[in-house]
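On the provided structure of chain P, position chain U as indicated by the hints.
Protein sequences, first through last, are from chains P and U. The opening position of the first sequence corresponds to residue 832 in the numbering used here, with each subsequent residue numbered one higher. The opening position of the second sequence corresponds to residue 32 in the numbering used here, with each subsequent residue numbered one higher.
A few of these clues could be false.
[To be verified] Simulated pairs of lysine to aspartate or glutamate, EDC-like, Cα-Cα distance not exceeding 20 Å:
1. U:Lys-87 with P:Glu-932
2. P:Lys-899 with P:Asp-887
3. U:Lys-67 with P:Glu-932
4. P:Lys-855 with P:Asp-928
5. U:Lys-98 with U:Asp-34
6. U:Lys-67 with P:Asp-931
7. P:Lys-899 with P:Asp-928
8. P:Lys-855 with P:Glu-932
9. U:Lys-87 with P:Asp-931
10. U:Lys-67 with U:Glu-36
11. U:Lys-67 with P:Glu-875
12. U:Lys-87 with U:Asp-114
13. U:Lys-98 with U:Asp-85
14. U:Lys-99 with U:Asp-34
15. P:Lys-899 with P:Glu-875
Source of the hints: derived by calculation from the structure; they are not laboratory data.
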Amino acid sequence: DAGVIQSPRHEVTEMGQEVTLRCKPISGHNSLFWYRQTMMRGLELLIYFNNNVPIDDSGMPEDRFSAKMPNASFSTLKIQPSEPRDSAVYFCASSRDRDDEQYFGPGTRLTVT
Amino acid sequence: GEDVEQSLFLSVREGDSSVINCTYTDSSSTYLYWYKQEPGAGLQLLTYIFSNMDMKQDQRLTVLLNKKDKHLSLRIADTQTGDSAIYFCAETHSSNTGKLIFGQGTTLQVKP
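Excised from the complex, chain U in its bound form:
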């Protein structure tokens, strides 16, 4: 079945770049997403990439997709303390029904 894997924790210093990685198994995914969850809040869509793209940049965020290796990454440039949160990678289900499969989430800790 479909599976999405992420490392559970990442700690960086303020001002450094953060790279959060994700691997997935469903090669027929059409979209891949990055969501951010702050403490006590719901998930907020940060960005997404269509499966026929290799890269997408949006201000401080850069998404890289290696479809051959089924590897997705999110780079946050100039990481700020406000970026501390849990980041979820998600892929669309192969049945193309809108169902999302989420990874376990990566907790990003930004130290001042």
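So here's chain P without its partners, still in its complex pose:
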């Protein structure tokens, strides 16, 4: 298996623009997690899905952030409008089931200028 796939790997955008991050979980995994990593706040869970259904979105910072999982093999994290403080590395992870080992993707480094 190719592991968790994220795209793009790097994204540079201007403040106010819409940003969409994409994730393909490992085939057969039922849970998907979106994390954000910054120097100041470390690694934070934003939202996670189980069987394509959002279970806990309490980590989503603001209404500017939204996440979808239209099917078992694809998820998006959208920021609209983006702000400089959204600059971070965004990781997607998946697990076979919610309590199983989480496998992380390589991350998307987002820079908002």
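For chain U alone, kept in the frame of chain P given last:
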């Protein structure tokens, strides 16, 4: 709420043992994890321990869990330069939903 604390930095010489420590607050955690993050990469699960265990050994890695003190440690024997990375401790959320709470990460620097 749940909290996981780690020291931020550790420097050792190649060949020495490294011990990375972690404390957590949620006594109902079922699993505790150690993840490794190399520069520019995602997190890689190194090992984990179930909360009813005291110790787990996996090749050069030894995990010790003191549940009474809510203290977890990762010992790396014969540390190599390739072990230089950030190490994250994580616990499962008490709601048992698969949510992980991560520490801030410990940067391990291995000097030749």
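ask   = What hints, given by number in increasing order, does this structure fail?
value = none
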